[in-house]
Amino acid sequence: MASSIQATDLDIYYGSFLAVHDVTMTIKPQTVTALIGPSGCGKSTFLRAMNRMHEVIPGARVEGKLELDGTDLYGPGIDPVTVRRQIGMVFQRPNPFPTMSIYENVAAGLRLNSTRIAKGDMDVLVERSLRAANLWEEVKDRLGKPGAGMSGGQQQRLCIARAIAVRPDVLLMDEPCSALDPISTLAIEDLINELKNEYTIVIVTHNMQQAARVSDVTGFFNIEGTGKPGKLVEMDETKRMFSQPREKATEDYVSGRFG
Amino acid sequence: MTTTAPRSAERAVDTPLTTVPRVGGVLPRWGTWAVLAAAAALVGGLLALVGFSISLFILATALLFGVAVYLWSRVIEGRRRAKDRLVTITVTGAFLLALAPLVSVVVTVLLKGLERFDPMFFTYSMSGILGPGGGAYHAIMGTLIITGLAAVMSIPIGLLAAIYLVEYGRGRLARAITFFVDVMTGIPSIVAGLFAVALFALFVGPGARLGIMGAIALSVLMVPVVVRATEEMLKIVPNELREASYALGVSKWRTIVKVVLPTAVAGIAAGITLAIARVIGETAPLLITVGLTTAVNLNPFAGRMATLPVFSYYSYASPGIPREAFVDRAWTAALVLIIIVLGLNLIARLIARVFAPKTR
Amino acid sequence: MNTSTAAPKTTTSATRPIRRPGDRIFAGAAAGAGVLILVILAGVAVFLLVQAYPALVAAPEELPTPSAGGEGFVAYVWPLLFGTLLSATLALLVATPLAVCVALFISHYAPRKLSQGLGYLVDLLAAVPSIIFGLWGLAVLAPLTVPPTRWLEDNLGFIPLFAGPASAIGRTMLVAALVLAVMILPIVTAVAREVFLQTPLLHQEAALALGATRWEMVQLAVLPFGRSGIISGAMLGLGRALGETMAITIVLSVSGGVTFNLISDGNPATIAANIALEFPESTGLDVNTLIATGLVLFAVTLIVNLLARYVINRRRDFSGAN
Numbered sequence: 719m720a721s722s723i724q725a726t727d728l729d730i731y732y733g734s735f736l737a738v739h740d741v742t743m744t745i746k747p748q749t750v751t752a753l754i755g756p757s758g759c760g761k762s763t764f765l766r767a768m769n770r771m772h773e774v775i776p777g778a779r780v781e782g783k784l785e786l787d788g789t790d791l792y793g794p795g796i797d798p799v800t801v802r803r804q805i806g807m808v809f810q811r812p813n814p815f816p817t818m819s820i821y822e823n824v825a826a827g828l829r830l831n832s833t834r835i836a837k838g839d840m841d842v843l844v845e846r847s848l849r850a851a852n853l854w855e856e857v858k859d860r861l862g863k864p865g866a867g868m869s870g871g872q873q874q875r876l877c878i879a880r881a882i883a884v885r886p887d888v889l890l891m892d893e894p895c896s897a898l899d900p901i902s903t904l905a906i907e908d909l910i911n912e913l914k915n916e917y918t919i920v921i922v923t924h925n926m927q928q929a930a931r932v933s934d935v936t937g938f939f940n941i942e943g944t945g946k947p948g949k950l951v952e953m954d955e956t957k958r959m960f961s962q963p964r965e966k967a968t969e970d971y972v973s974g975r976f977g
Numbered sequence: 042m043t044t045t046a047p048r049s050a051e052r053a054v055d056t057p058l059t060t061v062p063r064v065g066g067v068l069p070r071w072g073t074w075a076v077l078a079a080a081a082a083l084v085g086g087l088l089a090l091v092g093f094s095i096s097l098f099i100l101a102t103a104l105l106f107g108v109a110v111y112l113w114s115r116v117i118e119g120r121r122r123a124k125d126r127l128v129t130i131t132v133t134g135a136f137l138l139a140l141a142p143l144v145s146v147v148v149t150v151l152l153k154g155l156e157r158f159d160p161m162f163f164t165y166s167m168s169g170i171l172g173p174g175g176g177a178y179h180a181i182m183g184t185l186i187i188t189g190l191a192a193v194m195s196i197p198i199g200l201l202a203a204i205y206l207v208e209y210g211r212g213r214l215a216r217a218i219t220f221f222v223d224v225m226t227g228i229p230s231i232v233a234g235l236f237a238v239a240l241f242a243l244f245v246g247p248g249a250r251l252g253i254m255g256a257i258a259l260s261v262l263m264v265p266v267v268v269r270a271t272e273e274m275l276k277i278v279p280n281e282l283r284e285a286s287y288a289l290g291v292s293k294w295r296t297i298v299k300v301v302l303p304t305a306v307a308g309i310a311a312g313i314t315l316a317i318a319r320v321i322g323e324t325a326p327l328l329i330t331v332g333l334t335t336a337v338n339l340n341p342f343a344g345r346m347a348t349l350p351v352f353s354y355y356s357y358a359s360p361g362i363p364r365e366a367f368v369d370r371a372w373t374a375a376l377v378l379i380i381i382v383l384g385l386n387l388i389a390r391l392i393a394r395v396f397a398p399k400t401r
Numbered sequence: 379m380n381t382s383t384a385a386p387k388t389t390t391s392a393t394r395p396i397r398r399p400g401d402r403i404f405a406g407a408a409a410g411a412g413v414l415i416l417v418i419l420a421g422v423a424v425f426l427l428v429q430a431y432p433a434l435v436a437a438p439e440e441l442p443t444p445s446a447g448g449e450g451f452v453a454y455v456w457p458l459l460f461g462t463l464l465s466a467t468l469a470l471l472v473a474t475p476l477a478v479c480v481a482l483f484i485s486h487y488a489p490r491k492l493s494q495g496l497g498y499l500v501d502l503l504a505a506v507p508s509i510i511f512g513l514w515g516l517a518v519l520a521p522l523t524v525p526p527t528r529w530l531e532d533n534l535g536f537i538p539l540f541a542g543p544a545s546a547i548g549r550t551m552l553v554a555a556l557v558l559a560v561m562i563l564p565i566v567t568a569v570a571r572e573v574f575l576q577t578p579l580l581h582q583e584a585a586l587a588l589g590a591t592r593w594e595m596v597q598l599a600v601l602p603f604g605r606s607g608i609i610s611g612a613m614l615g616l617g618r619a620l621g622e623t624m625a626i627t628i629v630l631s632v633s634g635g636v637t638f639n640l641i642s643d644g645n646p647a648t649i650a651a652n653i654a655l656e657f658p659e660s661t662g663l664d665v666n667t668l669i670a671t672g673l674v675l676f677a678v679t680l681i682v683n684l685l686a687r688y689v690i691n692r693r694r695d696f697s698g699a700n
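Residue numbers (my numbering), protein chains in the order written: chain A, 719 to 977; chain B, 42 to 401; chain C, 379 to 700.
Hints are not guaranteed to be accurate.
To be verified - Using 30 angstroms as the maximum straight-line C-alpha spacing, the simulated DSS-like pairs for lysine-lysine come out as follows:
#1 A:Lys-837 to A:Lys-946
#2 A:Lys-746 to A:Lys-914
#3 A:Lys-858 to A:Lys-837
#4 A:Lys-966 to A:Lys-746
#5 B:Lys-276 to C:Lys-491
#6 A:Lys-837 to A:Lys-966
#7 A:Lys-863 to B:Lys-299
#8 A:Lys-746 to A:Lys-957
#9 A:Lys-858 to B:Lys-276
#10 A:Lys-914 to A:Lys-949
#11 A:Lys-966 to A:Lys-946
#12 C:Lys-491 to B:Lys-124
#13 B:Lys-276 to A:Lys-863
#14 B:Lys-124 to B:Lys-153
#15 A:Lys-946 to A:Lys-858
#16 A:Lys-914 to A:Lys-946
#17 A:Lys-966 to A:Lys-949
#18 B:Lys-276 to A:Lys-837
Don't read these hints as lab results, they were simulated from the structure. All figures in this text were calculated on a predicted structure; none of them were measured in a lab.
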């Protein structure tokens, strides 16, 4: 299932404003890649460009190449809607659909697309997704209850279950723990470790310890000043990035000297 | 207390205004109520001598109460507190005064309307009725049909236009629509009626009176209300839900139909109910587009129809003989109308509360 | 796996994303509905103009002449316009101070728990159909005003407003204006209340921390902040009062003519009331004339409403609140 992603000379614009400049990176299947960097450095923008979510904002566009297993995601004839089915996303704040029950939330990806699926198969899929998100034991007795009634950490795992229920190849996570308490954060981090066996995961985080804990590869984004585009400064194995980075800026950042 | 001595400029800056917290007198808790009771008793007593009038009693009591509290407080608590008390009394009095018409309207309509609030009123038309008896069955049906038609025309337009403004609209077209919806909100109802008249004068010929004309006039009034209400509700749907849906690979229109609208549905339904309540009592546009009949006409595409507000108006404004029979029917029609309108308002409240997205 | 190597740019960027048929149909329908609203409004203007045109160009003696005697459309519409403006202005003068007090009561004086319910009660006032206010005005309010207007005539008759002779049944401009005031009160209150509730808590607490009484706090923080809200609310109320039909039709005893006398039986009609009164019996050019007066009413309310919106929008730009 897991796929690789290749970005080549990727520029991302909002209107005429160049937000991210000239990013080239390879993301291997079944790895966890962490994107770190100071606020406004374009790491979230880059993440959103990877499943064409940034197009939701009017005027946003990209130049360059972004490939999923060799297919150009921005090529002519590619439908952003199908891209997003292959590349799922989990957001900063848990956002379960308030009108739906826990069960319906997990089933949402298929239901909203009116995919025909037998009730029994759907039950299996929901259970499997919830189990994969380490949530099944906690919610199996109240699947019909609204998702909004759970704790923040549970809601976030529900969102992960919802994302993996559509069986994507890649899972993008945009600071998935920044709104959660330490215990819920730990639960999510454990989950990420398990999920990487099946998915390629890219996670944006502000928390360097988290990047060090969960990721195999880390990319450091930086920005030279306000109004300047964000750039990928350095990308390497996480261990190396945190012990002996090549760039001075990386070292300053991971050692907490700025950002 | 220490600052009463004349101060030089430096002293005014250097010395604190008061070295000890000011402990002045304070009116007792029961003070204002006691004054109110005393004022009422005094005014009541005086009026009893010259002839009692409820409105004069309330007015004089309120005035006396305000003045008395102000003076008492001024003596004991000082000018600033006294002024504060006076304003509190004024503002509270203004609120009670504003509620008076509402209470008076409801009581009046109830008292006068109950006279003919009988089964006959709901089952008979005025066909062949010259004096007492008869009913407003034809008018009730007419009101329901015409308002229903208006709703059927305006709800889809209003909903879709609001969806356009919130979900798609950018640039000049959206700005133009927003602006002209504002303009439309301000159209006087009689002008909406004239529009329907002018429209049908061109296509059907002058002097036409049809139910559908009334429905079109009401639509002109209803569309902007539906747009505004829906817009408000769609705007408060968090963007995160749209993004969550997009990220699941759901297309935009399905996201709108299956995520955004269900999240906002309670508010939208409440808004639409209020919009219906607003137009169901409209009289002026129906007066000039639909007219009135005495018999039942359920076909909005052929001839005049009766509607409750117009029925009520004509029964009161140009009664037959005996006058009381007509006036009673006018009030009962008003009562039915007010029950419908207030009922719709209540339903809107309930919808908004009961069907709001649950969190538990 | 490394950063920028200066390779030649491959600009693929299919900037225009593919739209699925469902999306295209739905977006088209939504935009269509929006355009339809524009078309309807244009229709209102065009059809009214077309139907009003014959009256505007007709020879003066052909027009109906309830008051001014064969002098053309302007002479026909002027007393009506005067009545419209007089009744609406009076209503506004009565309703605005009261509405500000009511809004203040709901936003700052009523117990917190009650204030929402009380606001709802005032909103209910706006829901009552105008025909019912008309009936109420005639049956309840008009008789109530008879003794006071007599007194006004006797004691203040030297003021043109109260010249009299006082009406014996109370179908006066005064009562019409009072009924209108009751009808626009909830509109002005609603706008003012919203703005008062938005007063930054910080300003209010700052005032209270200086030792201000509640009234001084309201004076210092709430009223200055809410001023434009009061103005725009009043303008919206005025717009409503100008176009109000049935209450005036029922309450006001009309004889035409321009007068400031508020307490007599001889009053100018308003444009809207005149249409409601005359239209059912009119044919031919009379109908065109009435439509032309409607056009005048439309224009006046349009200007008032646009001014109100302008004030609201300008406030939005300056206040910093969303």
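**Prompt:** If you draw a straight line from the CA of Lys-124 (chain B) to the CA of Lys-153 (chain B), is it 30 angstroms or shorter?
**Reply:** Status violated; Cα separation ~43 angstroms.
**Request:** Would you check the hint for Lys-858 (chain A) and Lys-837 (chain A), treating anything up to 30 angstroms between C-alpha atoms as holding?
**Result:** holds (17 angstroms)
**Message:** Holds or violated: Lys-863 (chain A) and Lys-299 (chain B), Cα atoms, limit 30 angstroms.
**Reply:** holds (19 angstroms)
**Prompt:** Taking 30 angstroms as the top limit, are the C-alpha atoms of Lys-276 (chain B) and Lys-837 (chain A) close enough?
**Reply:** Measuring from Cα to Cα gives roughly 34 angstroms; hence the hint is violated.
**Straight-line alpha-carbon gap Lys-946 (chain A) to Lys-858 (chain A), limit 30 angstroms** = Not OK: Lys-946 (chain A) and Lys-858 (chain A) at ~49 angstroms, beyond 30 angstroms, violated.
**Message:** Between the alpha carbons of Lys-858 (chain A) and Lys-276 (chain B), is the straight-line distance 30 angstroms or under?
**Reply:** The given pair, whose Cα atoms are some 34 angstroms apart, is violated under the 30 angstroms limit.
**Asked** Going straight from one Cα to the other, do Lys-746 (chain A) and Lys-957 (chain A) come out at no more than 30 angstroms?
**Response** Holds - the C-alpha atoms of Lys-957 (chain A) and Lys-746 (chain A) are around 17 angstroms apart, at most 30 angstroms.
**Asked** Do the alpha carbons of Lys-914 (chain A) and Lys-949 (chain A) lie within 30 angstroms of each other, as the hint requires?
**Response** holds (26 angstroms)
**Message:** For a C-alpha distance cap of 30 angstroms, please report whether Lys-914 (chain A) and Lys-946 (chain A) respect it.
**Reply:** This hinted pair is violated, its Cα atoms lying about 34 angstroms apart.
**Message:** Can you confirm whether the C-alpha distance between Lys-966 (chain A) and Lys-946 (chain A) stays at or below 30 angstroms?
**Reply:** OK: Lys-966 (chain A) and Lys-946 (chain A) at ~19 angstroms, within 30 angstroms.
**Request:** Given the hint that Lys-966 (chain A) pairs with Lys-746 (chain A), test it: the Cα-Cα distance must not exceed 30 angstroms.
**Result:** Since the Cα atoms of Lys-966 (chain A) and Lys-746 (chain A) sit roughly 26 angstroms apart, the hinted pair holds (cutoff 30 angstroms).
**Asked** Given the proposed pairing of Lys-276 (chain B) with Lys-491 (chain C), does the C-alpha separation stay at or below 30 angstroms?
**Response** Since the Cα atoms of Lys-276 (chain B) and Lys-491 (chain C) sit roughly 27 angstroms apart, the hinted pair holds (cutoff 30 angstroms).
Hints 1, 6, 9, 14, 15, 16 and 18 from the earlier list are contradicted by this structure; the remaining hints agree with it.
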